[in-house]
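*Asks:* Next come the chains, spelled out residue by residue.
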Amino acid sequence: MSISLKIEFGGGLELLFSNQRSHKISIPSEVTSKDGTTKPVDLSYLIFWLRDNLLKEREALFIENGTVRPGILVLVNDADWELEGEGDYVLKDGDEIVFISTLHGG
Amino acid sequence: MAHRLCVLCETSKAIVKRPKTGQQICKECFFNVFETEVHNTISQASLFKPGDRVAIGASGGKDSTVLAYVMKTLNDRYNYGLNLFLLSIDEGITGYRDDSLETVKRNQEQYDMPLKILSYDELYGWTMDSIVQQIGKKNNCTFCGVFRRQALDRGAAMLNVDHIVTGHNADDIAETVLMNIMRGDIARLGRCTMICTQGEDTIKRSKPFKYAYEKEIVMYAYFKKLDYFSTECIYSPEAYRGHARAFLKDLEAARPSAIIDIIHSGEAFEIKEDIKATQKVQQTCKRCGYMSSNELCKACTLLEGLERGMANAGITDRARKKMDAEGPTPQNIRTIPFFQTSTRPGSPQPNNVENPQVTS
Chain F
0 MSISLKIEFG GGLELLFSNQ RSHKISIPSE VTSKDGTTKP VDLSYLIFWL RDNLLKEREA
60 LFIENGTVRP GILVLVNDAD WELEGEGDYV LKDGDEIVFI STLHGG
Chain P
0 MAHRLCVLCE TSKAIVKRPK TGQQICKECF FNVFETEVHN TISQASLFKP GDRVAIGASG
60 GKDSTVLAYV MKTLNDRYNY GLNLFLLSID EGITGYRDDS LETVKRNQEQ YDMPLKILSY
120 DELYGWTMDS IVQQIGKKNN CTFCGVFRRQ ALDRGAAMLN VDHIVTGHNA DDIAETVLMN
180 IMRGDIARLG RCTMICTQGE DTIKRSKPFK YAYEKEIVMY AYFKKLDYFS TECIYSPEAY
240 RGHARAFLKD LEAARPSAII DIIHSGEAFE IKEDIKATQK VQQTCKRCGY MSSNELCKAC
300 TLLEGLERGM ANAGITDRAR KKMDAEGPTP QNIRTIPFFQ TSTRPGSPQP NNVENPQVTS
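Residue numbers (numbering that gives the first Met the number 0), protein chains in the order written: chain F, 0 to 105; chain P, 0 to 359.
No wet-lab data here; the hints were simulated from the structure. For glycine and all other residues, C-beta sits at the position ideal for the given N, C-alpha and C. Be aware that one or more of the hints could be misleading.
Below are the DSS-like pairs computed for lysine-lysine, each with C-alpha atoms no more than 25 Å apart in a straight line [what the hints assert, rightly or not]: (1) Lys71(P) to Lys223(P); (2) Lys223(P) to Lys12(P); (3) Lys5(F) to Lys223(P); (4) Lys223(P) to Lys23(F); (5) Lys71(P) to Lys115(P); (6) Lys23(F) to Lys91(F); (7) Lys91(F) to Lys12(P); (8) Lys5(F) to Lys16(P); (9) Lys26(P) to Lys5(F); (10) Lys38(F) to Lys91(F); (11) Lys23(F) to Lys224(P); (12) Lys23(F) to Lys5(F); (13) Lys91(F) to Lys33(F); (14) Lys23(F) to Lys55(F); (15) Lys285(P) to Lys320(P); (16) Lys12(P) to Lys5(F); (17) Lys91(F) to Lys16(P); (18) Lys26(P) to Lys91(F); (19) Lys224(P) to Lys5(F); (20) Lys104(P) to Lys223(P); (21) Lys209(P) to Lys48(P); (22) Lys26(P) to Lys224(P); (23) Lys26(P) to Lys223(P).
To spell it out: a stretch of chain F is covered by chain P in this simulated footprint if at least three of its residues, at any positions, have a beta carbon under 8 Å from a beta carbon of chain P; those stretches are [said to hold, decoys possible]: (24) 0-14; (25) 72-82.
Please put together the full structure from these sequences, using the hints given.
*Replies:* Given below as structure tokens:
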């Protein structure tokens, strides 16, 4: 089983991802953890999946201490991920996830 | 997870959590509170009066793009009676500024504001590309920062405006407070939180986004689908600011109010009168007429160093002395045109403002 997601990068983050702002991806709907239990995929899983599968350069500008680097905004279906449980948000088929860097000049 | 409702209107779905207050609010209420807070910042500081000509320092980046949009919105909504202009500085950085200026040109159409572009090449005879070619990437941000400040003032004088507004946001100001503390720069610490500083002549400079969080500016741009440019400057490692910025973002992650708290701390600093007395008095540069704390302003010193092939002269005292020892300034070097102060009648003498510095 897998789910389809639409991923958008903005604010300069797209430069780390082949300079492509929009990506359509398919990821497994469940993952098996070390103790053998399975659980549905969440946003934390997605962040590492993006690092392993789409990120082309400078990982440190995307991930820090197990989550997105401070200063990167995340939106789940156009809502601030801080309202959706952040990394614990359980992904659904068709979700749109947006990552925007705030770290570039104004 | 059930959708939470906006705590303000209690009808629509919350889409943003405000870092300043922790409130969860909907899109319409977010636009409304963001714009209203900027309006309150402007009106509480009495930044403008009807008929003022105001230049928006526009780089094409997120902050100045949102600033232009919000200034236009507030000017219409609250009848500020301002004449708004876009003022852009072309530093001459191929593949960076030329692209971002395209964004500003689109903003000119979208917001229906006159645009003035002033280039380093025009004013100083050097582009950042040619400066970096001579001096390398080390210290080039010093040239760019000093040249930009003076270029903005001169562009503003050409537009004959009363006021320049810049997109400096709460995160920028908190960062500057931290940097000035770490460097022990008491003079700048005292004024870096001021909303309005005195520029050249009677042109004021202010920061209407002083209390606006970067997160909210980016969210605002995203939800309004504003057209902005976001690429790192190809010459700018900005290492020192980078450290302060990373530290601040970590603080914000732990406690979002940290940014506003740091600004309030900065505002509460008081400098003793006898310390103030030791600070340099402002004068005008004998070569170009721009404000300066020395006989020669920083831009003229940097330009002379470039022209004489001794670019470090404007960076370190030792290199400066070395250049002076090489003999007097040659007559044939390029200099900055003399600053013409505007003589528009009725220009008010502003009060409660101080002289600005490069780091602001």
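*Asks:* Does the structure keep Lys5(F) and Lys16(P) at a Cα separation of 25 Å or less?
*Replies:* Distance of about 23 Å is within 25 Å: holds.
*Asks:* Is Lys26(P) within 25 Å of Lys91(F), Cα to Cα?
*Replies:* With a Cα-Cα distance of about 23 Å, the restraint between Lys26(P) and Lys91(F) holds, given a limit of 25 Å.
*Asks:* Do the alpha carbons of Lys5(F) and Lys223(P) lie within 25 Å of each other, as the hint requires?
*Replies:* Between Lys5(F) and Lys223(P) the Cα gap is close to 20 Å, so the pair holds against 25 Å.
*Asks:* Does Lys223(P) lie within 25 Å of Lys104(P) when you go C-alpha to C-alpha?
*Replies:* 19 Å, holds
*Asks:* Are the Cα atoms of Lys224(P) and Lys5(F) separated by 25 Å or less?
*Replies:* 18 Å, holds
*Asks:* Keeping to a limit of 25 Å between CA atoms, is the pair of Lys223(P) and Lys12(P) held or broken?
*Replies:* 17 Å, holds
*Asks:* Run the distance test for Lys26(P) versus Lys223(P): straight-line Cα separation, threshold 25 Å.
*Replies:* Answer holds: Lys26(P) to Lys223(P) is near 10 Å, not above 25 Å.
*Asks:* Need the status of pair Lys285(P), Lys320(P): alpha-carbon distance at most 25 Å?
*Replies:* 19 Å, holds
*Asks:* Checking one constraint from the list: CA of Lys91(F) to CA of Lys16(P), max 25 Å. Satisfied?
*Replies:* At roughly 22 Å apart (the allowed maximum being 25 Å), Lys16(P) and Lys91(F) satisfy the hint.
*Asks:* Taking only the CA atoms, is the gap from Lys23(F) to Lys5(F) under or equal to 25 Å?
*Replies:* 5 Å, holds
*Asks:* Are Lys71(P) and Lys223(P) close enough, with their CA atoms no more than 25 Å apart?
*Replies:* Holds, because 14 Å separates the two Cα atoms, which is no more than 25 Å.
*Asks:* Hint check: Lys209(P) vs Lys48(P), CA-CA at most 25 Å. Holds or violated?
*Replies:* The hint holds at about 19 Å.
Every hint, counting from the list given before, is met by this structure.
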